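Asker: Residue strings, one per chain:
2 protein chains.
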Amino acid sequence: MGLADVRTPALLLDRAVVARNAAAMTARMARLGVRLRPHLKTAKCAQVAALATAGNFGGIAVSTLAEAAYFVEHGFNDITYAVAIVPAKLDEVLALQDRGARIAIATDDPATAAALAERAPAFATTLNVLIEIDCGQHRAGLAPEAETLPAIARILDAAPNLALEGVMTHAGHAYHCGDVTAIERVAEDERAAAVRAAERLRAAGHACPTVSAGSTPTAVFARSAEGLTEMRPGVYTLFDLQQMALGCCRLEDIAVSVLATVVGRYPERGRLLIDAGSLALSADTGANEFLAGAGYGWVMDGTAARRLDGATVVDVNQEHGFVEGAALPFDDLPVGARVRVLPNHACITAAMHDRYHVVEGGEAVDVWERAKGW
Amino acid sequence: MGLADVRTPALLLDRAVVARNAAAMTARMARLGVRLRPHLKTAKCAQVAALATAGNFGGIAVSTLAEAAYFVEHGFNDITYAVAIVPAKLDEVLALQDRGARIAIATDDPATAAALAERAPAFATTLNVLIEIDCGQHRAGLAPEAETLPAIARILDAAPNLALEGVMTHAGHAYHCGDVTAIERVAEDERAAAVRAAERLRAAGHACPTVSAGSTPTAVFARSAEGLTEMRPGVYTLFDLQQMALGCCRLEDIAVSVLATVVGRYPERGRLLIDAGSLALSADTGANEFLAGAGYGWVMDGTAARRLDGATVVDVNQEHGFVEGAALPFDDLPVGARVRVLPNHACITAAMHDRYHVVEGGEAVDVWERAKGW
Numbered sequence: 001m002g003l004a005d006v007r008t009p010a011l012l013l014d015r016a017v018v019a020r021n022a023a024a025m026t027a028r029m030a031r032l033g034v035r036l037r038p039h040l041k042t043a044k045c046a047q048v049a050a051l052a053t054a055g056n057f058g059g060i061a062v063s064t065l066a067e068a069a070y071f072v073e074h075g076f077n078d079i080t081y082a083v084a085i086v087p088a089k090l091d092e093v094l095a096l097q098d099r100g101a102r103i104a105i106a107t108d109d110p111a112t113a114a115a116l117a118e119r120a121p122a123f124a125t126t127l128n129v130l131i132e133i134d135c136g137q138h139r140a141g142l143a144p145e146a147e148t149l150p151a152i153a154r155i156l157d158a159a160p161n162l163a164l165e166g167v168m169t170h171a172g173h174a175y176h177c178g179d180v181t182a183i184e185r186v187a188e189d190e191r192a193a194a195v196r197a198a199e200r201l202r203a204a205g206h207a208c209p210t211v212s213a214g215s216t217p218t219a220v221f222a223r224s225a226e227g228l229t230e231m232r233p234g235v236y237t238l239f240d241l242q243q244m245a246l247g248c249c250r251l252e253d254i255a256v257s258v259l260a261t262v263v264g265r266y267p268e269r270g271r272l273l274i275d276a277g278s279l280a281l282s283a284d285t286g287a288n289e290f291l292a293g294a295g296y297g298w299v300m301d302g303t304a305a306r307r308l309d310g311a312t313v314v315d316v317n318q319e320h321g322f323v324e325g326a327a328l329p330f331d332d333l334p335v336g337a338r339v340r341v342l343p344n345h346a347c348i349t350a351a352m353h354d355r356y357h358v359v360e361g362g363e364a365v366d367v368w369e370r371a372k373g374w
Numbered sequence: 375m376g377l378a379d380v381r382t383p384a385l386l387l388d389r390a391v392v393a394r395n396a397a398a399m400t401a402r403m404a405r406l407g408v409r410l411r412p413h414l415k416t417a418k419c420a421q422v423a424a425l426a427t428a429g430n431f432g433g434i435a436v437s438t439l440a441e442a443a444y445f446v447e448h449g450f451n452d453i454t455y456a457v458a459i460v461p462a463k464l465d466e467v468l469a470l471q472d473r474g475a476r477i478a479i480a481t482d483d484p485a486t487a488a489a490l491a492e493r494a495p496a497f498a499t500t501l502n503v504l505i506e507i508d509c510g511q512h513r514a515g516l517a518p519e520a521e522t523l524p525a526i527a528r529i530l531d532a533a534p535n536l537a538l539e540g541v542m543t544h545a546g547h548a549y550h551c552g553d554v555t556a557i558e559r560v561a562e563d564e565r566a567a568a569v570r571a572a573e574r575l576r577a578a579g580h581a582c583p584t585v586s587a588g589s590t591p592t593a594v595f596a597r598s599a600e601g602l603t604e605m606r607p608g609v610y611t612l613f614d615l616q617q618m619a620l621g622c623c624r625l626e627d628i629a630v631s632v633l634a635t636v637v638g639r640y641p642e643r644g645r646l647l648i649d650a651g652s653l654a655l656s657a658d659t660g661a662n663e664f665l666a667g668a669g670y671g672w673v674m675d676g677t678a679a680r681r682l683d684g685a686t687v688v689d690v691n692q693e694h695g696f697v698e699g700a701a702l703p704f705d706d707l708p709v710g711a712r713v714r715v716l717p718n719h720a721c722i723t724a725a726m727h728d729r730y731h732v733v734e735g736g737e738a739v740d741v742w743e744r745a746k747g748w
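First to last, the protein sequences are chains A and B.
Sequential numbering from 1 applies to the first sequence in my numbering.
Sequential numbering from 375 applies to the second sequence in my numbering.
Hints listed in this document are in silico derivations from the structure and should not be mistaken for laboratory results.
Every value quoted in this text rests on a predicted model; they were computed, and no experiment measured them.
It cannot be assumed that every hint is accurate.
Which bits of chain B does chain A cover? Going by a derived footprint, with three or more residues having C-beta under 8 Å, they are [unchecked claim]: (1) 378-384; (2) 468-479; (3) 501-515; (4) 680-694; (5) 701-712.
Idealized CB from N, CA, C, for every residue including glycine.
Chain A with its partners taken away, still in its complex shape (with noise of 0.2 Å):
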């Protein structure tokens, strides 16, 4: 199918730009010397998966069970749920393991840690558990110093069929730093609160073999991984605004876009529509914290070879972006003519679609499903 065929609003992603992120993120992982186990929630697709992983050990790192589900369909089987577990998401945790996977879960709850340990004598499979950890952003994850951190591992360590597998922390707060020296300072932090929490537990006379750390910024500027085993970050894959504007990525290495339609084009009114609306691109808009103007995605001619002077999707309805720049070409975008818009924040605008169509040199080459749901 050439690209022209493509219905709009579509994904595209292309695949020489994922590869080169891929193949970055590897050799930054080694020299940092910690294993690389990529993030799938944002590309959730094996192909991605795929080329995220060559270089690297295997593992992967998910955000939900279907992700599990859809990746151990295709053949990866060392897998981090990184998500809290809940006890109701047990059976579909072990029903993949039963496939042979091995899942590691997540929890930072002494309650559900109990649960745990109280059906884990009828389990088929050793299930292993990291201990979530709060370096702090404040969502998830108990203070590498809290009481309940050698509670919880005392509870999984007693319990048949249960590993202490490690810990596990997130830099989300990363997301919010004004600059390069701040990143370093979380990036920092993130180590810092993992190793801590590890060395409290073996302390306590627990293996802990695993410290988990990471998220795109922290993976890209941590100037340090010492005493950490692996690094999660995820949207390094595709890249985005959000990641450019944090300083993390350069425009040509965002690998998706969205390509749209002009259904309507309004010179008296300085604007065009394009059939990408909230639906296509998402309503976040997370870039425009350090990106002024980022709005939901800047509007690239329809190769994206360069930007349209300016555009950007200024404002969106359910099937409508509205397109605004400073001098945009309105001659050559007639009602028709196609556009491709960088996505503000990837893993939300990817996740609005069921597919990538693979762009090469122009051209659309191949059909990537992504996973979905829950």
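Chain A is fixed; fit chain B onto it per the hints.
Answerer: Using the frame of chain A, we list chain B on its own:
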């Protein structure tokens, strides 16, 4: 499947509330003396469409050709595709007409009208075309007084196999009205713009049988529909916090919610985490314009009978919702507890899900699929 067996996050739909909302709008349109053409971009579901068209003439509106194809598949055969057509999408429209459906398309662009006219001699069926009118939102559409209005009409009328169906407008700016008086004024502007455009076309010799307007706020608050032939509200089938903030519905009229599980419990941070983040709830925050503290949704207990004291999803990450409230009942909300989130904007939240779990009397009684993609 009992509600307890529904995997979270999941989209719940209260069938009785949808039926009540549908009946109320049907009665209201009858009082106004116009036909109701429910816009199914919100519900994207044949069973909801059946409730919404009950007692009406059977026509519907859609926002994507994927929706159009889905509804044709489910027996609906009078469909207005209410986003401006582009020539590349024409083949799909014609294919649906070949299956016996009547798909009305819309344009506001003379070049597109000319492209339609050029292709029309080869059409096997007559294609009905609406001219889109701007009534003040300044999204799509021509001003009622635009010179291009009769010009487009002439192009369409001169072509074989094209029928000038009439005019269509949508007062999207009603969503930004601070009070009922303002909505009433916008509703009158919407009516007047459509009627004025139709009058101009009739004065130029075009029959203009359809004069279509409508959004949920203007449909609820319009004092007159004189001169209109139909209205196209959509979100009233489900309702949401945004519509409640606008005064269009009561809390108990909101028919959809996202069932979620508590995955983190942090009394010391005054916060819960749930497994519904920006992918399950969407990142849409439109309701906050008039409902401070709408956040990404209000948090109700698991049966949705009552709101947890001021509890709101105040922030979202991809698969995490951050719940805060003045007096969260942490003792009743251990990890694993279930809550329901009332959506900020139902059109967008619902689109994050492939299906509804239909609830009646607190139990899940059915699964209704939704149309997806483009």
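Asker: Against each hint, give a clear statement of whether it holds in the structure.
Answerer: Against the structure, the hints come out as follows:
1. 378-384: That given contact holds, which follows from 4 residues of the segment 378-384 of chain B lying within Cβ reach (below 8 Å) of chain A.
2. 468-479: Coverage by chain A is violated for the segment 468-479 of chain B (0 residues, Cβ < 8 Å).
3. 501-515: holds (count 3)
4. 680-694: holds (count 4)
5. 701-712: Per the Cβ count (3), the hint holds.
Going down the numbered hints, you'll see the structure goes against just number 2.
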